[in-house]
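**Student:** What follows is each chain in one-letter form.
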Amino acid sequence: MTKRSWLTSSRSAAILLPVLGLFAALGLWWLAVIVFSIEPFLLPTPGDVVTTFFDQPGYLLQQTGVSFLETVGGFLLSIVTGLPIAFLIVRSVIVERLLYPLLLAVNSIPKIAVAPLLVVWMGFGSWPKAVMVLLVCFFPIVISTASGMKSTPAELVELLRSLDATKSQEFFRLRFVHALPQIFTGLKVAISLAVIGSVIAEFVGATGGLGYVIQSSGSSADTALAFAGITLLSIMSIVLFYGLVLLEHYLLPWARENR
Amino acid sequence: MTKRSWLTSSRSAAILLPVLGLFAALGLWWLAVIVFSIEPFLLPTPGDVVTTFFDQPGYLLQQTGVSFLETVGGFLLSIVTGLPIAFLIVRSVIVERLLYPLLLAVNSIPKIAVAPLLVVWMGFGSWPKAVMVLLVCFFPIVISTASGMKSTPAELVELLRSLDATKSQEFFRLRFVHALPQIFTGLKVAISLAVIGSVIAEFVGATGGLGYVIQSSGSSADTALAFAGITLLSIMSIVLFYGLVLLEHYLLPWARENR
Amino acid sequence: NNDKAGQNGDESLQKITYLTSFNTFGREAYAYVALEKGYFKDAGFDVTIKPGSGTVDVLKLVAGGQADYGIGDFTAILITMGKQKMPVTTVGMIHQRSMAAIVALKGGSINTPQDLAGKKIGDQPGSTNTVMFPLYAKAAGIKGWETTKFVPSPPPALPQLLAAGTVDGIGQFVVGVPTVEKADPKHRQAVVLPYGDKLPDLYGNAIITRSDLAKDHPDQVKKFTSALLKGLQDTINDPEGAAKILQKYDPKRTVDGSVAELNLMKPYVKPDGFTGELGEADGERVERILKALENAGEIKPAGSLNPADVVDRDLAPKG
Amino acid sequence: MIRLDGVGQVFEGRGGSIQAVDGIDLHVQENEFVTLIGRSGCGKSTLLRLIAGLLPPTYGAIEVAGEPVTGPRRDVSFMFQRPALLPWRSVLSNVLLPVEISGGKDKSKDKAAYRERAHELLELVGLTGFERRLPHELSGGMQQRVSLCRSLIRDPKVMLMDEPFSALDALTRTELSEELQRIQMELATTIVFVTHSIEEAVLLADRVVVLSPRPGRLREIVEIDIPRPRSLGQNAHLTEVAQISGRLHGLLSEKSPLPEQEQDSLSEGRR
Amino acid sequence: MIRLDGVGQVFEGRGGSIQAVDGIDLHVQENEFVTLIGRSGCGKSTLLRLIAGLLPPTYGAIEVAGEPVTGPRRDVSFMFQRPALLPWRSVLSNVLLPVEISGGKDKSKDKAAYRERAHELLELVGLTGFERRLPHELSGGMQQRVSLCRSLIRDPKVMLMDEPFSALDALTRTELSEELQRIQMELATTIVFVTHSIEEAVLLADRVVVLSPRPGRLREIVEIDIPRPRSLGQNAHLTEVAQISGRLHGLLSEKSPLPEQEQDSLSEGRR
Ligand SMILES: Nc1ncnc2c1ncn2[C@@H]1O[C@H](COP(=O)(O)OP(=O)(O)OP(=O)(O)O)[C@@H](O)[C@H]1O
Ligand SMILES: Nc1ncnc2c1ncn2[C@@H]1O[C@H](COP(=O)(O)OP(=O)(O)OP(=O)(O)O)[C@@H](O)[C@H]1O
Ligand SMILES: [Mg+2]
Ligand SMILES: [Mg+2]
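Chains as they are written, first to last, in the working numbering: chain F, 1 to 259; chain S, 1 to 259; chain E, 1 to 319; chain D, 1 to 271; chain H, 1 to 271.
If you're looking for bench data, these hints aren't it; they were derived computationally from the structure.
Keep in mind the model is a prediction, meaning the values are calculated, not measured.
Heads up, the beta-carbon is just placed ideally off N, CA and C, and yes, glycines get one too.
Possibly wrong hints are sitting among the right ones.
Unchecked claim - Below 25 Å or equal to it, Euclidean Cα-Cα: the simulated DSS-like pairs (lysine-lysine) are:
1. Lys157(D) <-> Lys167(S)
2. Lys150(S) <-> Lys150(F)
3. Lys167(S) <-> Lys111(D)
4. Lys198(E) <-> Lys120(E)
To be verified - From the derived model, a few chain E residues whose C-beta atoms are all more than 12 Å from chain F:
5. Asn263
6. Pro271
7. Lys300
Please take these sequences and the hints and turn them into a complete structure.
**Tutor:** In structure tokens:
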């Protein structure tokens with residue numbers, strides 16, 4: 001007997017509440033700065049950050065664009081590589097056992113340590129950035145896809161088998177679709193990592209992007225500018241995340257959540 | 001009609017194959033260094049790395065221990081904070097909508113940028129490291145727990161409701177248990193992040209730990225030492241990951257995978 | 001070997017990638033000046049300037065062939081090469097004296113070198129400041145310098161740690177002083193203890209290039225360094241003009257900030273009493289530095305690194 | 001014990017709305033055994049879910065034990081059409097789930113007594129030896145029997161049972177329906193029981209409620225006056241049962257009195 | 001068409017092993033209609049899964065159409081005891097799933113013809129208007145009917161049906177069993193059909209196979225000589241049906257001939 005109020009069911013609430021949440025968080029931030037009289041070089045007020053942003057909005061937005069493209073590019077790249085790897089893992093226990101430690105090893109390398117290597121191998125272009133994003137975010141995609149596909153109900157797998165479906169039919173018509181909600185969970189984890197990955201990549205050999213902005217402002221103690229960069233980054237993350245949420249909503253109407 | 005060979009079913013194969021995979025990877029690394037004649041300042045050979053390790057095994061293992069404790073401590077901390085947050089999110093759409101953007105924002109901050117802040121606020125001890133690990137890895141835990149709990153089959157939720165179960169019974173006896181396989185997926189993603197988080201934390205104000213080893217060797221281009229640190233880190237990651245796999249195996253015997 | 005066509009359609013220009021030592025701070029303005037004023041073009045180069053991310057990264061990128069020239073701290077270059085030979089060589093000096101220093105804030109516990117004993121100093125592990133501290137301490141006659149503790153931290157965090165009082169002093173380049181002062185909410189003045197005062201032999205930043213470039217195309221290298229040094233000369237002659245040019249390339253850099261840095265940098269490019277050529281590299285000085293590093297145990301075993309391995313004295317300007 | 005007044009349920013879906021049940025007025029006495037029959041999809045399960053408080057009715061009012069239904073009650077047990085066993089719990093602990101849920105609040109029996117009772121029930125349905133198995137190791141009918149035990153463990157006042165014997169063989173069915181009658185008489189339980197077997201409906205019920213095809217409306221309520229205990233196996237009252245069965249068969253096969261209405265609800269469905 | 005020689009199946013589980021079926025010798029002719037009855041949990045579903053090639057037998061040999069069974073075959077359709085519908089597919093596309101799986105290989109009909117056929121089948125089972133609904137919007141019986149349509153769509157040569165009518169009301173059951181007989185005669189299909197309704201077993205079968213309780217062994221095979229088409233509704237051959245039903249009832253209720261053996265398999269289960 002669930003009663004649905006305006007807050008839980010209406011469309012405008014679905015937009016309003018997150019925005020409200022964000023503003024409440026900003027309020028807390030501001031309050032904390034004032035109450036604990038935190039020094040601005042440690043944590044500027046949201047006001048300082050906004051002022052800094054409006055000092056050079058064009059420049060900052062342009063850098064946001066640069067990071068955005070790198071993030072999305074690398075993210076797509078990791079979907080394109082992550083899904084087939086997950087398929088292989090589900091397909092064969094042997095492949096899984098051979099591959100997993102390798103993936104884990106790659107995944108656990110501190111990415112900051114490889115950033116210069118990537119630039120040396122791939123130059124200053126967008127490739128090393130995309131590859132960095134890939135390195136940072138393929139793992140959640142692989143593991144959530146694989147575990148989603150492996151948890152397909154035995155009853156449905158047996159159905160497909162009884163129809164003498166090929167392995168690839170079993171994979172694409174059943175397991176993959178069944179795993180989609182879990183894949184989306186993985187993608188949502190990955191997208192935030194992707195954003196961070198692009199920033200890390202921009203720490204080395206970049207001439208643009210929010211990572212570059214943050215790094216150069218950081219070492220000149222321009223904390224407000226650094227936080228402006230971080231804020232833009234967060235906004236980008238949130239936008240990309242909710243983009244995925246929307247996509248999921250439209251692609252998977254059957255995967256209704258129940259609470 | 002699945003036929004099981006020795007490779008897919010035996011216990012020793014379950015250990016042998018991953019080890020084999022790891023050695024194959026090492027072989028590839030070595031081969032690549034030789035074939036493409038990669039300069040040792042970019043990528044040392046596994047041999048160099050092993051030699052470096054045996055130059056000072058005691059010291060390196062001790063640093064590994066430091067990082068290990070920080071990682072595990074922070075990881076436990078993030079489970080302890082992540083699960084209740086996930087419960088709140090599943091409990092109420094309103095909380096979810098208010099909270100999610102905030103979590104996302106926190107999650108998308110480049111952690112390297114906050115590492116100094118943590119040290120300034122919390123000093124040089126282990127706290128800033130644990131908090132960093134928490135910041136890095138709470139999100140996958142929250143999101144996988146929440147989505148696992150929300151995907152509990154309607155039929156089972158209705159059963160618990162028909163028994164007039166309290167909300168917390170519905171949560172702990174049904175949703176949480178049902179979500180466990182997905183929670184473990186989240187934990188597996190999180191554990192690798194936790195390792196990286198401890199390294200990032202050790203970049204600032206630490207006098208021990210593998211992050212410190214990597215950073216100090218990095219700034220003097222002692223690539224072999226840096227890679228020894230990275231290798232130890234990877235091994236730590238792999239060990240922790242398989243620890244989780246084992247734990248899952250024993251805690252969730254019913255969650256059999258099917259392929 | 002580098003005969004790709006130039007970006008601006010001028011087939012005759014040679015494409016060159018140049019790395020600053022760290023980001024696009026005011027202290028890096030001279031490269032932009034040379035670019036803006038067409039010195040590079042006149043010398044036949046189409047130069048792309050990329051912000052570097054520290055000496056070791058710059059060395060790797062140049063050695064790896066992704067960049068042709070780069071700037072790095074000379075002491076750091078020596079230490080790095082001592083650990084790991086790379087196909088790079090030094091072809092000129094930007095700073096005749098090291099800008100490495102310990103920086104503290106006025107009103108704190110550090111006012112003179114003697115105060116350093118037993119203090120906590122924040123610095124990047126392995127940096128010149130940390131590595132050379134024993135030499136500096138001995139030269140300055142600091143008693144009990146062994147009790148000075150270095151706390152590792154990445155460079156961007158240092159001013160904050162100092163301002164917050166988490167550390168008593170930080171390792172910093174002299175030109176970083178405005179940044180340190182700006183980061184302090186009480187706007188205290190900085191106490192600067194430059195290593196150069198006690199260790200006049202130490203060089204600051206140096207120009208490096210790939211060894212094969214230096215060997216096979218010495219003329220090109222000479223042309224490039226002289227174009228760059230011309231930019232450097234203009235920069236110390238007219239810091240304000242240089243700062244304006246820099247801002248054109250990176251709008252984040254305020255003119256005032258850059259001018260302040262450049263004025264601080266001036267005496268290190270041409271110290272009082274320095275009569276030599278701009279950019280000059282003195283072989284004997286290099287040998288003395290190497291000796292000092294060997295004594296400090298930073299280059300092992302002694303004699304493993306020769307001056308010729310790191311500096312191409314034929315290519316560097318001579319006095 | 002149970003009172004429904006003009007109850008109706010409309011499901012809204014992406015493909016349009018479906019009228020599942022409409023205008024149901026029904027009063028079930030205490031200790032009465034009512035069986036519910038109707039064609040597949042006519043809204044029997046929906047009706048049970050409404051009574052159980054799992055679904056708020058689109059319109060109409062429902063009372064159980066004199067109180068309006070606002071949600072599930074502990075003294076009402078629901079046996080679902082599908083077994084709905086928790087896959088990670090053994091057979092025994094699935095059966096004990098309702099007791100665990102009641103927790104400390106229901107002190108009428110202690111833990112050990114409930115375990116005893118669970119073993120008794122499992123023996124009754126022929127599952128001794130399977131207490132520690134997981135649900136996926138059971139056959140369909142065995143799962144259904146576990147679900148039956150679960151619905152009996154708390155000695156409920158009201159039992160709502162949705163096709164509880166559908167996956168059982170004739171023999172087990174007969175045994176268990178006798179057992180159910182015994183339990184009902186012993187504990188004075190009120191039972192609403194959905195079945196597709198007309199014989200079963202007649203055999204068990206004090207009254208048989210016949211629903212019309214979708215949307216489910218009350219077509220007729222047939223009183224069964226055969227004395228208890230009844231058993232199909234023993235061929236007692238065979239003629240009466242056959243007679244009433246025939247009549248119910250006829251009722252079910254009659255075309256809906258409002259066919260155009262049904263067409264409506266279907267075309268709505270196609271929107 | 002189907003031949004089983006000494007087939008047995010043992011399930012290994014954490015709680016010990018379970019002997020599900022044992023020593024089954026059975027030969028089903030082409031175009032024969034065999035029904036399978038036995039007590040719940042005696043191994044009927046397991047037997048079907050063995051024939052379908054979904055499970056390799058622990059021992060014994062199985063042949064379909066003269067070839068040893070090594071895995072599922074396209075000309076064999078399996079209707080599961082549970083509906084097993086893909087939750088993200090509409091009713092229509094669930095029905096068309098087998099056609100999609102056959103893909104280009106089965107060119108006997110084109111896409112449009114199959115859609116036509118799917119609509120026909122859905123109309124037959126009374127689901128017109130629900131083509132675009134998702135499975136969770138259907139009642140239990142409706143889901144079972146969708147599953148039935150799905151098993152019929154490819155005009156299979158062999159049909160293995162596990163309690164296909166268990167969730168259907170008497171009337172729909174009668175209609176569909178007539179329809180199934182018609183289809184079987186028309187397409188010369190071989191059918192193995194599990195049911196718990198003895199009347200249904202008699203009505204439909206050329207032979208009724210009776211299994212003993214777990215572990216399932218062949219207890220008896222009863223030939224049914226009543227001429228076709230048969231229909232329970234029309235009360236033709238009522239006495240014969242009643243007679244055979246009575247006999248089958250007796251067979252089912254007899255205690256297992258090897259009770260100590262069963263005890264064994266149970267105590268094994270308890271290990
Ligand atoms: N969640 C739902 N969403 C939409 N429609 C539903 C839902 N549940 C049931 N319906 C519809 O309501 C009608 C009645 O369903 P219900 O399950 O009550 O039937 P039933 O009488 O139990 O049938 P059966 O004997 O087949 O189990 C059906 O037409 C079904 O399509
Ligand atoms: N996957 C499995 N693992 C272990 N045991 C199983 C498994 N599947 C079936 N069994 C056992 O095999 C026996 C026969 O099961 P099966 O499903 O074949 O019975 P059935 O005759 O179809 O029963 P019902 O009429 O209840 O559907 C049962 O005792 C069951 O516990
Ligand atoms: Mg129903
Ligand atoms: Mg079965």
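**Student:** State for each hint whether it applies.
**Tutor:** Hint-by-hint comparison with the structure:
no.	hint	in the structure
1	Lys157(D) <-> Lys167(S)	holds, 23 Å
2	Lys150(S) <-> Lys150(F)	holds, 19 Å
3	Lys167(S) <-> Lys111(D)	holds, 22 Å
4	Lys198(E) <-> Lys120(E)	holds, 21 Å
5	Asn263	holds, 16 Å
6	Pro271	holds, 26 Å
7	Lys300	holds, 24 Å
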